[in-house]
Each structure stands twice: as structure tokens, then as C-alpha cells.
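One-letter residues, chain by chain:
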Amino acid sequence: MNKKIYLDHAATTPTKIEVVEAMLPYFTEKFGNPSSIYEFSGQNKEAIEESRELVAKAIGANEREIFFTSGGTESDNWAILGIAESYKTKGNHIITTTIEHHAVLHTCEYLEKNGYEVTYLEVDKDGLVNPDDLKDAIKETTILISIMLANNEIGTVQPIEELGAIAKASGVLFHTDAVQGVGHVPIDVNAMHIDLLSISGHKLYGPKGIGALYVRKGIKLKSFIHGGGQEKKRRGGTENVPAIVGFGKAIELAITSMEAESKRQADLRDYLIEQVLEKIPHCRINGHKEYRLPNNANFSFEFIEGESLLIMLDMKDICASSGSACTSGSLDPSHVLLGIGLPHEIAHGSLRISLGDQNTKEEMDYLIESLIVIVARLREMSPLYEDYMKKQAKIER
Amino acid sequence: MNKKIYLDHAATTPTKIEVVEAMLPYFTEKFGNPSSIYEFSGQNKEAIEESRELVAKAIGANEREIFFTSGGTESDNWAILGIAESYKTKGNHIITTTIEHHAVLHTCEYLEKNGYEVTYLEVDKDGLVNPDDLKDAIKETTILISIMLANNEIGTVQPIEELGAIAKASGVLFHTDAVQGVGHVPIDVNAMHIDLLSISGHKLYGPKGIGALYVRKGIKLKSFIHGGGQEKKRRGGTENVPAIVGFGKAIELAITSMEAESKRQADLRDYLIEQVLEKIPHCRINGHKEYRLPNNANFSFEFIEGESLLIMLDMKDICASSGSACTSGSLDPSHVLLGIGLPHEIAHGSLRISLGDQNTKEEMDYLIESLIVIVARLREMSPLYEDYMKKQAKIER
Amino acid sequence: MYTKKVMDHFQNPRNMGEIEDASGVGTVGNAKCGDIMRIYLDIEDEIIKDVKFKTFGCGAAVATSSMATELVKGKTVKEAMEVTNKAVMEALDGLPRAKVHCSLLAEEALQAALWDYAKKNGIVIEGLEEPKPFEEHEEEEEEF
Amino acid sequence: MYTKKVMDHFQNPRNMGEIEDASGVGTVGNAKCGDIMRIYLDIEDEIIKDVKFKTFGCGAAVATSSMATELVKGKTVKEAMEVTNKAVMEALDGLPRAKVHCSLLAEEALQAALWDYAKKNGIVIEGLEEPKPFEEHEEEEEEF
Ligand SMILES: Cc1ncc(COP(=O)(O)O)c(C=O)c1O
Ligand SMILES: Cc1ncc(COP(=O)(O)O)c(C=O)c1O
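Chains as they are written, first to last, in my numbering: chain A, 1 to 397; chain B, 1 to 397; chain C, 1 to 144; chain D, 1 to 144.
Hints should not be assumed to be uniformly reliable.
Unchecked claim - Simulated DEER-style distance windows between Cβ atoms:
no. : chain 1 : residue 1 : chain 2 : residue 2 : range
1   : A       : 284       : D       : 98        : 55 to 65 angstroms
2   : B       : 112       : A       : 170       : 28 to 38 angstroms
3   : C       : 134       : A       : 188       : 50 to 60 angstroms
4   : B       : 18        : A       : 165       : 51 to 61 angstroms
5   : A       : 57        : B       : 362       : 45 to 55 angstroms
6   : D       : 94        : A       : 362       : 56 to 66 angstroms
7   : A       : 362       : D       : 5         : 32 to 42 angstroms
As the list claims (entries may be wrong) - Computed list of chain A residues with no C-beta within reach of chain D, every gap over 10 angstroms:
no. : residue
8   : 125
9   : 222
10  : 362
Derived by calculation from the structure, the hints in this document are not laboratory data.
A quick note: this is a predicted structure, and the numbers were derived from the prediction, not measured.
Ideal Cβ placement from N, Cα and C applies to all residues, glycine included.
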């Protein structure tokens, strides 16, 4: 094989050609500042509102509830810091989980340093939050629950509707980081009782540097980025028109093809998981078997380390990830894998495969073959495997 | 004339073709997440670092002092909120001016609601800060001075070097919003004693949704957007690679052509100002005659109102602005024009012309002719003009 | 931002100008807020035979005054009293929310002109209230 | 991210494997941090006649152990004592800052193997300190 086999769509996706084409006129021709008064800029205002409708539609919201941001991270920051500030007279307690993205975790840690109290719910071995734990954690002072819709590493999809109902019954606002979910699983903010929801463009074949925050009508939310009167005075800064247009186009395409693509990718994923588990010993799959993103497979291979595995896959033109893209380069294994109870040495040997709309069964076969060889090779090099084999030999004797 | 005559470059600029071309590969081919480990993403990391160098070079900084943001507004927010937080044990006093952009003003107002004290320095009738006022305003508790390099409405360029020297001598950090200055006037953060500086891509023929904050080495600056380990852990969020690449390209082009373009545009501007003042009675120019952006002309026409003027110009295919783009649509006249002491009724009749690299002398002539007709027409409709003329007639009798 | 009708009335304002020795003149608004409207009425036998306006203000201010004059021209004083800001707005196919106050100003200008006419002729028009006195320059000190 | 030399040693590690009945074996690191290195030495007449390694760890961990074995192969024990992490890093044309600890681990693994050799043979190698005992699994309780 000669071309790259990209299997890291949870890290980022290519921007679709149609999306780039939709964006292009807004760079050079229709480049006006949407806040300007002349007609030339009016078209940009309209383009923004069309995108807003498309984003709203994708999650069952009203377009007036959608605010554009610079990405998933800003959306998470805004939701959490904004609610913390707007509702501080009501309380100072926030509930989240141990397996959130760093955009949520680090924001919560920041709040902890500033007088807020944060409860980090643990998850079970499959990465699921126990609704009873959530119920137990809610107290008088709880102002926000932030639980991600789908995990970016192990792909586990939470029972959001049930969790949302608990939040609602307790009168606590409910935020969900849906960055990995939108375009992959159906979402309806009303049915799921979601008050705030974060989306990112580049995870669904849209451009980078654009995202949105859904804020249910009636919710007080302090501005996070102060400036001009954009986004109904709630988010300052000249609107990123090309990116907003691309985001709208991308989310429209994603929703249109979601049912078919999810099915197709889930089939590939299941084939991959089945084959890997069958052909490679001392291997496990992380995340929930059933409640999982259609495009996510996360394996742990005992006795080997993830980075070596990634580099060897890269040498075979396969792009994948070990834990979150953000954490690679750091020494600690992923907090998500530790969060589901994996021991450090197993967590270090993890591999995340996240599929996209261009991946094929042939690529899965190539990946499986490559994995068999590479895992064997790395085990041959591993002192842990040597020790294990010697122990086994002793036992057999 | 048939094509649009765009004279609102202070609101936003078209993205240069070369810039778009530089960006394009990063949408569809080199789309990888720079934080990923495989080689395919390595090229993106390099592209980001190249841009960082170009941005650093443009202001005489070191590339390690440049942090990418989602635009000028975020840079301003980060600088001010970040310093306020990082240095709160040192003091709670911030000095700025009455004519800053809303990204600075609204951020300062937010801080005022949260226990900080802000001094808003007044400016003189030309929009200049008096260095002595700054000296007088500094006190024990002052932790930050934030004064814009060049004003977005009236184009006045502050004596930044002198103001920076005062800040430095007092041991107070100095931030400047240079969004309108970069690419138009020479900037050197060291010679000018600047500790933090905000830039925005779309004001210098780069893409929207990207900007940078220069942070002098050694300055503590709390993260503003919490998340992954991007930008040396100081600004979370998947890097907007195409925009960063475009920003780098744009700033490089802007700096290369700055000397010649500034001269050319200043000549056009001077011609425009001279002609308008000569040919249209009851008209004044706002901002400093000498210390002004080469591409800015800001007029006040007595007895008429700015929006009508803009719409009539628009009908002649001329795109211009009345006060800042952000404030149009609101009822209050621009705080900048009020800040330089214009009475409300004069402030309402203002027109900002901001030139760009494609504007020509012919366009200036067309603008001048159009203005003569439109201003006369609006005065004919104006009860204020009627009253004025009747008063004059009485005096003459 | 503006409807076609608004743009049409802005570009081609109807009845723009002044009437010398008008039966009634009304001026409302102030320069501080950026809108001043003046309406001139020529009334004979309770019929508005002619009407003119002058306006300092935004596109909507011009259009609403133009439309208001159109709506009252040839009407009786009583009918003119029924020309509310809502009627003006509807006739213009709507206004952006931030510009609704312009239509109110047009209504006020009209009523101020009617008041002036009533006062000059010593008559009382039912339902008409005395308009606020017009001050070209701001009363208060500048805040800045 | 890695230099060509690092990539070469990762892709084609030198001296990978084990030596049965080695003169000295050293294992350092722990799985918690994601790096374990083991070095086997075959020493005859104070000369390192053969050397092998096994490594669990990242690309840099593999490359530094490979390079460390290359640097000591055929050398005297005394010469081997001079193979520091700096020497390994230099021989690899540098390492990313976050990976410098791998080169330290390689130095430690080598010294642990030499210590084992010295102990088995009841000799003292000048400048050599006793390595920390190797524990495959973490001593402390999991924090999570
Ligand atoms: C679950 C989740 N939340 C938030 C983010 C942050 O999104 P962005 O990189 O667009 O800021 C990501 C991806 O990096 C993610 O996977
Ligand atoms: C002086 C000044 N500062 C800040 C900004 C905000 O920049 P951006 O629109 O990129 O957020 C602008 C432009 O809108 C500006 O002119």
C-alpha cells in the first residue's frame, strides 16, 4: 500500500471538498465584515444565519440557541466558566466525570482553585457513568452537571437522556461535551434534557477553529469573550464567516449521511474488533461493547507500549492514536484508560482506531495484518513479555 | 462604476489569493492534528512553527513569545484577564483609555465588576493620550497598562514607545492592542517596551478567526482557554492549522510591502482629505493630522447622520463605515468620537474611510464626487441644516 | 437589513421639503439620539391638503417620515390621528427591531404638527396630547 | 519529532535479544512510567564480548537502549562506565526534551547490568553505585 491509511478521525478529520468549496467565496469575494451596514456584508450575515439553522437542526435546537465559538475547547470553557459565574449566587458545586476531555477537566480544576467544589464521578470498567452515582452526588449547591456524550478515547456513549432527566428533576443545569458525538449518533437536546452542548467543526469534516455552544433559551450565561456586539453580544470578535459557512455545510452533510455511515463504520469496526481479538493474544477492547461510537475501537495490547506501536504503524502508513492526541508526548498514560481501571502498564499499550467515511474493509485487513506483525515484533523486544513467557514455561513444567 | 469600491479595510480585509492558496492544502491533504504522533502530522507542526516565526519577526519578538488565538478579541481578553489574574496579589488596578476597542473596554468593565479598579485615560481632541496623564495615573496597585497602538475609528497612532517607557520605568506591564497597527506602521516590541501585544489575521489580508498574543518571555500569564497541551499548554484547542498558515503568509506579505503600501495609501488618504475638506463645507477631519494610520480618514459632516450617508454611498457601490463596524446598529454614537470631545450630533455624522492595497486615485475621485452629491442631498433633507441656514440668513440680514 | 419598501422610501422620499406658512409644524427627536423629524402640514377644511417633512437620521427615520406623510396626505385630521407607528411600520413591510423607535418618532412628529395646527387655530383635537418641547441640543451635560 | 538516527535505531535495533547465562543482567524503569529496559552483558577478561537488550517503551527508549549497547560492545568495562546518557544522546543526534529521561534509563540499565556482573564476580567497579531494585509492578496503590 502506498497511500496513507488515516484511522485517527477522533483527532481530526479532513475538511470535505464540498465544505472547502462552500467556504472559498467567503475568503476573497464575500469577505465583508457581517457587522457592516452595506449590502455587500448583508449576504454574510445571511450566510451565518443559514449555518446557525443547520447547526441547530442537527441537534433539535432553535437557531437562536446556537452561538458560534472558536472550537470545542472554547465551547466547553464557556459553558462551564459561564454557568459557574452566572449561577454563583445559587451555589458553587459542579459535577463531572473522571473521563472528560481536558477542555472540561482543566476548566473544572481551574474552578476548584477559585472557590468552586467539583465532584468527579467515577465510571465503570466500560466507561459508563452510573445514574445512581449522579443522583447521589447532587446537592443543594450543585449548579452544573457536565458529562460528555461520547468519550474521545474509548468511544463509550453515556445514557445522556437518563442523566439529563436526573439533572432536570433536580433543577440542575446539564451540559454535555458532544464534540465526538455530533454526526455519529442521533442527538436531540429536548428529548435528552440538555441545557448546554459543545460541538466542534473539525471533528465532523468541517474546518478547524470553529465550534458552537448550544445554550437553551432562558439560561443566563455570562459572556466569556468580551468584545463587540457579535453573537447577540454574547461572544465578541469578528465572525469567522468562511469557517461558519463550512461548519454549517459539514454538519448538514454529516447529519444527512449519519444513518448509513454509522452503520457502515460500525460494521467495519466490529469486523476489526473481532479479528484483532481473535488473532492477537493478550489483547482487550476498551470501552462499552454496545454503547459505543460507531467509528471507535480502542485496544490494549499487553507487554507493549503505545508510542512504539504507533511509530511502527506509521512506518506502514497507518495513522492512529494512543489515547487522546493531546496527551501523546506526555509520560502519563491516558486518564481515561486509568479511569476505567486499567493498570498503568496495560494503559500504556493502548491503541485507538477511529474510522472515517473513506475507510474500507481492505484497509481493516491491512491494519489487522500489520498489527499481528508489529505486536509480535514489539513483544519480542519486550522484557515484560520475556518474563511472562518464562513464568508460563515454569508453570507448564 | 460597476464594481464595489471597498473602503472599509479597518473592518476587515479580503484574504489575499496567495494566502488562500497557502491555506488550501491544510484543509484536505495535510489536515492532520498537529498533536498527533505520526509523520503525516509532523508537517503541520512545522507549518505552525514557521508561521510563528513570521509573526514574531513582524514585531521584533522571539517565536517562543507568540501564542496563537482565535482573533484580536480573544488576544485582548486573554492579555487583560490573564494578567489581572496572574498578578492579583500585586494589585488590582488597570489603566486604559476611553477610546479602546470594545474587546478591551468590555473586558475592563467586566473586571470592574469583579473587584478590579480601572482608570480610563481621556485623550485629547486628536485622540492622543497625554504621557503625563499616564504617569499620574500609575499607583502602587497598578498591574497593567493597556493602550491601543492605533485607533480603529479615527486612526490616531499613540506615542507607544514613550508610553511603554513610562510603564517600564514604573515596573508595570504594558499591553497594546495593535490589531490596526500591524502591517501598517513599524512595530518593535523591544524598542517600544511592549510586554503583551494583540494581533488579528483578518485585518492584514489574512483569514478571520485567527490572531496572536505576544507575551514577553518571563511574564506569568494564566491560561484563558483551558484544554489540551497546545501552545505550550497556555491555550487549549486543536490548532487551526490552515488559518495559522494563512496568517503567517499574510503577515509576511504585509511586512514586505509595508513601506511602499503605507506611502501609497497615505498619499491617497491625504488627497482624499484635502479634496473633501476643500469641496464640502461644514466638514471636519477626526484624529491626529500626523500621527495617524496611513489608510485611515475619518470625517464628520455637520447636519447629517452617518447611517443615511452609508446607505447612500452603498447605493453608489461604495463600502464604508461610520464609527466601528461593531457599533453600527446601536443608537449611541461611537465612544471614540465622543472620547475626542465631539458633540453627539457631530459624532452621528461621521464617516470612516479605510484604504486598502487595491484602492486607486480614480476611486478617491469617485468617492469625492459621490460625497459632494450625497452630503448635499442629505442636508437638503435635514431639519438641522434648515435651521442653520435660516439662522445664517437672519444674521446676514 | 431594510425591506424593499423602506429602501424605496429612503431612496425616493415622498413629500420631502418644507411648506412656508404651514398650518402646523412639528419637530421631534434630538440630535443626541441621532434622529430629528420635522413635519409640515397644510390643512384646509380639516383636510390635509399638503404635507412635507425633513429628517435628520438613519435610513429608517427617513423612510418612516416619508411613509407617514404619504399615509396622511389628503386625509382628514381625524383620519390622520389614526396613523400610528404600527400603521407606518406595516406600510413599510416592517422594520428591524432596533429601528422601531423611528416609527414612533414619525407618529410623534405628525402629532406634534397637528398640535401646532390645533393651537394656532384654537381648536381641540380629540385624543391629541401636547408633545414634549423640542430641544435641538442636549439638555444634560455630556456624560463623557 | 525524532532524528533520523533515532528512527534508524528504532526500526533496526542493534543487539536486540537476550543472552542466556549472561555475565550480568540489569533491568530498570517501571511499567507505570511506560519504560522498562533490560541489558544483558557477556563479559570475558573485562571486555564486553556481547551485549543484548530488551525494552518496553517508546521509540526513544528502544533507540537509546540500542545505541547504548552499540556504544559498549567490544569495550572494556572501564570504557563502558564512561557511556553516559549524554554520550547516548549525542550518538543519536539528540532527543526531544520530553524524551531525555530515556537516555538516562539506558545509562542506568547498563550500570545495573555491570553491577550484576560485579556482584556475581565479587569485584568492585570504581564509580559504580547499586541500582534501585527493579519492581515490575507498581509498589503503591493505584491512585485512581
Ligand atoms: C470530547 C472532546 N471535547 C473537546 C475537544 C476539543 O475540541 P477542539 O479541539 O475543537 O477545541 C475534543 C477534541 O479535541 C474532544 O474530543
Ligand atoms: C483595535 C481593534 N482591536 C480588536 C479588534 C478585534 O479583532 P477581531 O475582530 O479579530 O476579534 C478589532 C477589530 O474588530 C480592532 O479594530
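Against the structure, the hints:
1. 284(A) to 98(D): 55 to 65 angstroms: Once the Cβ atoms are compared, 28 angstroms apart, the range 55 to 65 angstroms for residue 98(D) and residue 284(A) is violated.
2. 112(B) to 170(A): 28 to 38 angstroms: holds, 35 angstroms
3. 134(C) to 188(A): 50 to 60 angstroms: holds, 55 angstroms
4. 18(B) to 165(A): 51 to 61 angstroms: holds, 54 angstroms
5. 57(A) to 362(B): 45 to 55 angstroms: holds, 47 angstroms
6. 94(D) to 362(A): 56 to 66 angstroms: violated, 39 angstroms
7. 362(A) to 5(D): 32 to 42 angstroms: With a Cβ separation near 35 angstroms, residue 362(A) and residue 5(D) satisfy 32 to 42 angstroms, so the hint holds.
8. 125: holds, 12 angstroms
9. 222: Per Cβ check, residue 222(A) is outside 10 angstroms of chain D; nearest 33 angstroms; holds.
10. 362: holds, 25 angstroms
Hint check: violations occur at hints 1 and 6; the rest are consistent with the structure.
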